[in-house]
Amino acid sequence: MHEDAVAAVKRLDQLEQEHAKHLREIADLESKAKLAESLNEPGMAREIREHVVRRRSEVDGLVEAVESARSAAEAAKAALPAQQKLFLQEISRLRTRLRGSPDSNETSTSDLGVPGSVAATPTSANESVPTDTATATIGEMLDRFDAKISMRPGK
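According to the numbering used here, the sequence shown is numbered sequentially starting from 1.
These aren't lab readings, by the way, just hints derived from the structure by calculation. Given the structure is predicted, the values throughout are model-derived calculations rather than measurements. A few of these clues could be false.
[To be verified] Below 25 Å or equal to it, Euclidean Cα-Cα: the simulated DSS-like pairs (lysine-lysine) are: (1) K21 to K34; (2) K10 to K21; (3) K85 to K21; (4) K32 to K21.
[Claimed, not checked] The following label-pair restraints were derived from C-beta to C-beta distances: (5) A75 to E18: 19 to 25 Å; (6) L86 to H22: 36 to 42 Å; (7) S71 to R93: 32 to 38 Å; (8) K21 to P42: 40 to 46 Å; (9) D4 to R93: 20 to 26 Å; (10) E18 to R49: 21 to 27 Å.
For every residue, glycine included, the Cβ atom is placed at its ideal position computed from N, Cα and C.
Can you build the whole structure from these sequences, using the hints too?
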């Protein structure tokens, strides 16, 4: 869903920031190693370079994590249009049921799982389904939800 895509993109962003931070630290360590050499401190320069090697191996693992997160984020974003289409179809189906379509005699609004919705089961095929004010509220909620989905990028 949308939340999954947002979480995947946030994870990717965090990993990319961490990767950039490690690269900056490596560059800083390399410059310190050069400075140590210029100051005739070969032991310190060697120790710093060993640390650079360890940091580079960490960065290599981080690159794999970034690529994996990038793939996950792209997959989650690619699934959004199909999920949005399903949501819009479900909204349309629910609106039809709430507005008294012939199918509304088969299922009451309480089957929608919406708290506060009340509907009596009809006793005959010609009897309409009485509802309370929650039905209007549900319709309004669906209208707002539909408008919110329609405003999303990529629509």
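Here is how each hint holds up against the structure:
Restraint check for K21 and K34: satisfied, since their Cα atoms lie roughly 20 Å apart, inside the 25 Å limit. Restraint check for K10 and K21: satisfied, since their Cα atoms lie roughly 17 Å apart, inside the 25 Å limit. Distance check on the hinted pair: K85 and K21 sit about 39 Å apart at the alpha-carbon level, beyond 25 Å; violated. Straight-line distance between C-alpha atoms of K32 and K21 comes to about 17 Å, which keeps the hinted pair within the 25 Å bound.
A75 and E18 have their C-beta atoms about 21 Å apart, which keeps the hinted 19 to 25 Å range intact. Between L86 and H22 the beta carbon distance is about 40 Å. The supplied range of 36 to 42 Å therefore holds. Checked against the given bound of 32 to 38 Å, the beta carbons of S71 and R93, roughly 33 Å apart, stay inside it. At roughly 28 Å, the beta-carbon separation of K21 and P42 lies outside the given 40 to 46 Å, and the hint is violated.
Checked against the hint of 20 to 26 Å, the pair D4 and R93 passes, with Cβ atoms roughly 23 Å apart. Checking the proposed 21 to 27 Å range against E18 and R49 shows it holds: the Cβ atoms sit about 22 Å from each other.
Checked against the numbered hints above, the structure breaks hints 3 and 8 and satisfies the rest.
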